[in-house]
Each structure stands twice: as structure tokens, then as C-alpha cells.
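Q: Top to bottom, those sequences are chains A and B. Counting from 1243, one number per residue, gives the positions in the first sequence under the working numbering. Counting from 6, one number per residue, gives the positions in the second sequence under the working numbering.
Errors might be hidden in some of the hints.
Below 30 Å or equal to it, Euclidean Cα-Cα: the simulated DSS-like pairs (lysine-lysine) are [said to hold, decoys possible]:
| id | chain 1 | residue 1 | chain 2 | residue 2 |
| --- | --- | --- | --- | --- |
| 1 | A | LYS1781 | A | LYS1744 |
| 2 | A | LYS1761 | A | LYS1744 |
| 3 | A | LYS1824 | A | LYS1781 |
| 4 | A | LYS1676 | B | LYS117 |
| 5 | A | LYS1676 | A | LYS1766 |
| 6 | A | LYS1744 | A | LYS1676 |
| 7 | B | LYS117 | A | LYS1766 |
| 8 | A | LYS1398 | A | LYS1382 |
| 9 | A | LYS1666 | B | LYS63 |
| 10 | A | LYS1676 | B | LYS63 |
| 11 | A | LYS1744 | B | LYS63 |
| 12 | A | LYS1766 | A | LYS1744 |
| 13 | A | LYS1495 | A | LYS1666 |
| 14 | A | LYS1766 | A | LYS1781 |
| 15 | A | LYS1824 | A | LYS1766 |
Looking from chain A toward chain B, a few residues come up when the C-beta cut is under 8 Å (computed) [what the hints assert, rightly or not]:
| id | residue |
| --- | --- |
| 16 | THR1696 |
| 17 | GLY1700 |
| 18 | ASP1703 |
| 19 | LEU1752 |
| 20 | ARG1760 |
| 21 | ARG1763 |
| 22 | LEU1764 |
Derived coverage of chain B by chain A (criterion: at least 3 residues anywhere in the stretch with Cβ under 8 Å from a Cβ of chain A; other residues may be distant) [unchecked claim]:
| id | segment |
| --- | --- |
| 23 | 36-48 |
| 24 | 77-91 |
| 25 | 108-114 |
Bear in mind the hints are in silico, worked out from the structure with no lab data behind them. The beta carbon of each residue, even a glycine, is placed where N, CA and C say it ideally should be.
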Amino acid sequence: MSDPLPHRFCTPRSRAHAARDLDPAGQVALLERELADLELLFRVVNLMHATLDPEHIARITLTSMTAGTALGMNRAAMLLVDEEAGTLRGYLAVGPQSREAAQEIWTDMEREPLPLEELVRLALGSAPGPGDAALSARVKALSYPIAALGAGPLAKALEGAGGCFEAPDVLPAGLRDMFDGPSGFVVPLRATERVLGVVVADRFAGEPSASGERLALALEVAHQAGLAMGNAQQLNEVRIRAAQLGTLHELGKHFLAVQDLGWSLHMLVRCASEVTSARAGVVWLSGEKGLQIESRWAAGDAPASAELDAALIQVAMEATRCGETVLAGGPENAGAHAGLGEGRSVLCAPLLVRGRVIGALAVYDHIAMGSFEPSAFDRHDRQFLGTLADQAANAVENLRLMESTRQSEQRLRETQALLLRNEKLAALGEMSAKVAHEIRNPLAAIGGFARRVTRSLGQSDPNREAMELIVRETERLERILSEQLQFAQLSRPRLQMEDLNKVLGETLQLLGPALGERKVRLIKRLGPDIPPLLLDPDKIKQVLLNILQNALQNVSHGGRVRVETRRLPEFVEVDVANDGPKIPGEVMERLFVPFCTSREHGTGLGLAVADQIVREHGGEIRVRSDSDWGCVFSVVLPLEGNTDRRRHVADRRSRSRTDRREAA
Amino acid sequence: MAVVNKTILIVEDDESLVDLYSLEFQDEGYRVLAATSGERALARVQEDAVDLVVLDLKMEGMDGLTTLGELLRVRRDLPVVINSAYPAFKHDFGAWGAEAYVVKSANLDELKCRVREALQRREQVQAA
């Protein structure tokens, strides 16, 4: 793209230099022209200062360039520097598409030449004319990498030097076709410390030298335009910054005031989207399964799909991986994130708390506000999102912790309520049971004596019928009581905190005589650190009794029975061992199967019932045989939790060998 | 079985029931002793020759089950028939220690029957 310095491109001669060659009349004419130019410049500058909108300034500039009563060029275009991309990009153009259209305009102008202000007003107020729109569209499509401009007129202009050209071939391709002259100029838009862009203008009628005459004024107009646009840009940036800081402040206050995690996340994503001019945003929080979407916001109907979400989460993972805000997609990064879709750009910042990833915040689909804003997220947006994410991360983490604490508290309260209810039920049950029992005795007495009296009466005794009625009624009352008691039993959970050693002790006491009878030596080793357990004492006594009974039946006369309790990290274990003969494998397996017994007495239910009860308590009974003790039963009860692990009879029969027996 | 000379000890804290049972068992031909608490029951068993004990469970002081244990310690072959208003223990402890478990009722047929059976079994064992 580099053109050699063309001989047709000339820089303006200084006017002073030009004036020296003229006679007084000529000099006066020159001065008059200068005055007129200054006046025009003054008017143009006035117009520019009336607005802070960069687009308006651009229109004013280009209208000035092309107005017959102003600089009188036929066509003008503005190209602006995109610093981030390093390109010079077409921005706006004014002028007719063709010479024929231009003819029309001139004819119109000669009929009623409009003052500049009027033209500007028209240009700013209404939509551009069809000629303008077409030219503008073509110009907007232009984009030249600055590095590749070589030493051509555009490059020179970017260095601050404007100049004329007499043949369009000095211009790079693209512009060359649109501004085919035969003459024109390129002038820089000079702001305070840099060149914002260039204006290219040409004439396709009139003398070629006319461009040269207009060049000095054009340079000044462009300079003023550059200053004005520079100011407008700076003002814009300041405004953006202020808005962002304001938002950060608001959000910060909000996070402090509100304790609802869901609401805060919603505000966060909405805020991020609105400030960065994004169509939609998403926030993820880290969970057990990685990042999960917690909240999303969209302006109007934003597209959402599984593919989009998958692509978004990829970007989020990248951001969380490298711990920085990441920009993906957009016109420059098209290749890397193909899943995002055509032209979509995503900005994503990780939420980090002390270096730990707790989630991510992303915004996507940048909305271009007017043609001045780029259509992708810029460095301001990036910076803002990063700052927002940093600030929000801590607050979000705190809210999360509070939330989980709240949930724990809630569960605790629910459990307490449940326990309380159970206690009440238990009390109620006990009361009704108590009342029933209180009644039973007197009822038994009344009924019993009534029977006696009835028996003593003769068949024909007139009182017999009455007595029989009394007896019947007492029977009825007894039936009612029985039912009542059964019901009370059912609804009464009998779990209570009990000292297992004490329960064991009481059971052993009951067995004292039986042990004595067989001259059994009882070895008792009760662990000192057994904590109170939540259990039904009567049922556990039943369990111990049944197991002890079994042990006693196996132990030989004069043998030993060992009863031991010990505390394990998560369980309490009760061992009942006897030194009787080793129990064969097949028998051991069938021990707990109901109705399956090799004994003459007993129903074979004892151990089955014991097993069921222990399961109700969330525990297990295991049996083994070792070298010292022919048979060791181990009742294992959990320290925490009493989930009911009862099994139905059918399950038991299919249990495998390895289930029950521990390695000997 | 000869009912004659069989002594029954009624352990029951409700006096109306003591009266009732005494009358009923005397009608059957037994000699009836009574104790209104576990402690008194123990004393009685040691003082007198008792053939069978009818035992209530819920009593003040030493409760029925403890009394049962103590009675058996004193005389390990003493037949005890539990007569209680509480049906709950029927399947829990009834099979152990006591000969039978009867739920208290105005109808004394079952109680009388169990007593008779227990005494018969005792006689058979002693004869063997």
C-alpha cells in the first residue's frame, strides 16, 4: 500500500510569501479574502462549539467542506484513527455519488445559496440525503492499517501535515475510486497532542488550483474540528468514568445494605451490562459441579441457547484460569471462540476472593450507540468490569456464607421443632397411657367384684340382669382401654438419651439367676467413655436379652461370657461373646433369619427381632467366631443419626456370606 | 394336681384388687398371702413357704421387674405369673424369668388358668 512521494502532491505556499508577489490591489484583494476566510472560520468554530457530540462535529466539518458558501468542495470524508486496532477507519462522508447529482445541487445552490448555518442545521436535523448515505456507507467500509500507509498523503496527514493532490492515484485503493478528483486535499484533524484522523475532500469541477486556494482554510477548519472532537472525546470519557464510579459506589452501598444473595447477583449482572452497553450478562458461582449460572439479565429479548451458554462458560473458565478479565469474540478475535456466533463479543471477569475463584461475571453483545462507539467492548469496559468484579467478589462471598449459615440455622430450627413435637407427642402418649393404666386397676376391681356377685345370684334373681349388664359394660371398657393403649404405644416414639452401660447393667441383673444356674463366669468390661445415645431403652434391653439368651444357650456349664462396650470414632460397639463351641458357617448365616432355628424351644424370632431393632436405631449386628471365643455378637450403634435401616424379611434371605461375618 | 396346700402370694399395691384376688383364689382352694410392695413380697417369700407369686408390675418403690429379679435370686425356681395392666412387656420380658404374663382384667379366667398351669409344671419338674 505504500505510494512513493507523488510529485503532484504539494504543500501550500504560505500566504505571506504569496502576497509579496502581488501589487497593492492584489494585496488588498488577498487581505479581503483572508478576512472572509477568517469570518468563515469563526462561524464554523461557533457551530462546532455549540455541540459536544463528536458526530455532530464531524457533520459540521464535512458540511463546511462541501458547502458552496464555505469551502465549496464537492465531496468530503472523515476517517478516524482507531488506536487499539492501529487502523484508520472510515467514519462519515458528505457529497453526491455522481457528477450528475452534483450538477443538480449546484443548480439549486445558484438559485438559492443557503448560508452555512442553514446547511448545518439541515445536516444535523434530518437524515442524510440519499447521496450522502451511499457515500457514507462506502467510506465506513474502509479500514487501513496505519503501519501500512507508507509515505502517502494519509500518512503525512497523520503526522500533522496536510496537502493537496492533483490526481487521486496518490490515495490508497478504496478512497481512490471515491475521490477521483481531479483535485483535492487531505487535512489532519489535529487535537491537542495527537492527530485524531483525516478529512479527504475533492472537486470534480472547477479549476484544479481551487483546491490549493482552499487548503489553508481547510487546514484551520480541520484543526478546529480536531480540537473540538478531542474535547468531546475527553468529555465522553470523563462522563463514562463518572458513570462507572457512580455505579460502583451505588452497588457497593447496595451490597452492604441488602442481604439477599439472589437480588445482589441480579443487580450485579444488570449493572455490569448497562454500564458496558451490553445487551445481556451472566454471573456464575462456583459450586460442586464447577461454574453454575446463578443469575442472568438481558435488555429485551436477548437470545439464549445451550450453545451460547456452552460458549460463554468456556470464556468464563478461561477468565478464571488466568485470573484476569478476558475479551473474546468480536471482529478481531473471531477465530478463537467459534461457538459464540457471528460477530458476538464477550467480556468476562473472574470473581476472586483472596486468590480463590468463587465465580465469574460476563457481559456480551455490545450495543453500538450511534456510529461513534465501537461495536465491541473497549478498554474502559474491560477495566470497569474488572473493578466491578473485584469489588463484588468479596461481597458475594460474604452473602453466600451468610446464606449457608441461614440455611443451617433453618435446618437446626426445624430439627428442634421436630424434636419438640416428638417430645410433646411422647408426653401426650405417656399421659394417655398413664390415664389408661390408672383406670385399669379400678376397672378390674369393679368388674371382678361384679362377676363374683353375679355368680352368687340365682338364675331367677331379679338383680341378675342388672349385674350382668355391669359385667358387660366393664368388659366393654376394658376393650376400649386396650385399644387406647395400643394406639398410644404406636404414636409414642420412645427414643430417649440413655446410658448404654446402665441399660446393659440392668439387663445383666435380670439374667443373674440364669447365669448363676449354669455357673457361668461373667466378664464385664464396660467402656468408661460411652456417651449417652438416642435409643429406646426397653427395645435395646430386648436386643441384649435376646443375644445374651443365645449366648447362654451356647455356653457350656462353667463357661465364660464376655460383655464389653467400647467407643469407636463413629460408633459404640457392644460385644457379647461366649466361649462355647465355634458356630459353623451355615448356621451363622441363618442366625438372623426369622423362624429359622435349630433349637427346640423358642420361635427362632429372638435374633431376628434383635436385628430389626438395631437397624431401627441405625446400627448393625455382626457375628463372628474367633480362636478365643466361639461366638461373638457385636452390636454396633452409631453415635450420630438414627436413620431407620430396617429391612424386610425377604432381603435378609438373599444376603451374601461376606455381609455378616467379619474376617476371623 | 392337688391344689390343697398350695400357697399363692399376691403382690399388688391396689387394695381393692388384693381383696378381689384373695377371695377368688381362696374360692379355688389356694391359701392366699398378700404383699402390697416389692419389698414386702421379698420378706414374705423368705418367711413363708410360697408356691407361686402373682406379681403386679407397676408399684411404688421397687417396681415389678426389679422385684421379679430379686425374687428369682432368692428362689430361682419360684414360679411367677406377671399380672399387669401394661400389655407392652408381654412380648419383651414375659418369656424370660416369669412363667406367664397376663394382662390385668376384670375377667380372671386367664389368670387362674396360668396359675394352675404354672403350678402343674412345677410339680412335674419336681417329680422328675
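Q: For every hint, state whether the structure bears it out.
A: Going down the list of hints, with the structure as the test:
1. Using a Cα cut-off of 30 Å, the hinted pair A:LYS1781 and A:LYS1744 holds, with the two alpha carbons roughly 14 Å apart.
2. A hinted pair counts as satisfied when its Cα atoms are at most 30 Å apart, and A:LYS1761 with A:LYS1744 qualifies at roughly 24 Å.
3. This hinted pair checks out: A:LYS1824 and A:LYS1781 have alpha carbons roughly 28 Å apart, not beyond 30 Å.
4. The suggested pairing of A:LYS1676 with B:LYS117 holds, with an alpha-carbon distance near 26 Å, which does not exceed 30 Å.
5. Annotation: proposed proximity of A:LYS1676 to A:LYS1766 is violated, straight-line Cα distance about 36 Å (limit 30 Å).
6. This hinted pair checks out: A:LYS1744 and A:LYS1676 have alpha carbons roughly 25 Å apart, not beyond 30 Å.
7. Proximity of B:LYS117 to A:LYS1766 is assessed by CA-CA distance (about 40 Å); at most 30 Å being required, the pair is judged violated.
8. Distance check on the hinted pair: A:LYS1398 and A:LYS1382 sit about 21 Å apart at the alpha-carbon level, within 30 Å; holds.
9. For the hint pairing A:LYS1666 with B:LYS63, the CA-to-CA distance comes to about 23 Å; that is within 30 Å, so the pair holds.
10. Simply put, A:LYS1676 and B:LYS63 have alpha-carbon atoms about 11 Å apart, close enough for the 30 Å limit, and the pair holds.
11. Under the criterion of a C-alpha separation no larger than 30 Å, the hint pairing A:LYS1744 with B:LYS63 is consistent with the structure, at around 21 Å.
12. The straight-line distance between the Cα atoms of A:LYS1766 and A:LYS1744 is roughly 12 Å, inside the 30 Å bound, and the hint therefore holds.
13. Between A:LYS1495 and A:LYS1666 the alpha-carbon distance is near 47 Å, which puts this suggested pair outside the 30 Å criterion.
14. At most 30 Å may separate the alpha-carbon atoms for a hinted pair to count; A:LYS1766 and A:LYS1781 meet this at roughly 21 Å.
15. A distance of roughly 21 Å separates the Cα atoms of A:LYS1824 and A:LYS1766; the hinted pair therefore holds under the 30 Å criterion.
16. With 8 Å as the threshold, the beta carbon of A:THR1696 stays out of range of chain B, its nearest partner Cβ sitting at about 11 Å, so the hint is violated.
17. Proximity of A:GLY1700 to chain B is violated relative to the hint, the smallest CB-CB distance being about 18 Å (cut-off 8 Å).
18. Proximity of A:ASP1703 to chain B is violated relative to the hint, the smallest CB-CB distance being about 19 Å (cut-off 8 Å).
19. Given the 8 Å rule on beta carbons, the hint for A:LEU1752 holds: about 5 Å separates it from the nearest Cβ of chain B.
20. Taking 8 Å as the C-beta cut-off, the interface hint given for A:ARG1760 is violated, the closest approach to chain B being about 11 Å.
21. This hint is violated: A:ARG1763 has a C-beta 18 Å from the nearest C-beta of chain B, more than the 8 Å allowed.
22. Interface restraint check: A:LEU1764 against chain B, minimum CB-CB distance 15 Å, threshold 8 Å, status violated.
23. With 0 residues having a beta carbon nearer than 8 Å to a beta carbon of chain A, the segment 36-48 of chain B misses the requirement of three or more and the stated coverage is violated.
24. Judged by the Cβ-Cβ criterion of 8 Å, the segment 77-91 of chain B is covered by chain A as claimed, because 5 of its residues qualify and three suffice.
25. Proximity of the segment 108-114 of chain B to chain A, defined as three or more residues with a beta carbon under 8 Å from a beta carbon of that chain, is established by the 6 residues found.
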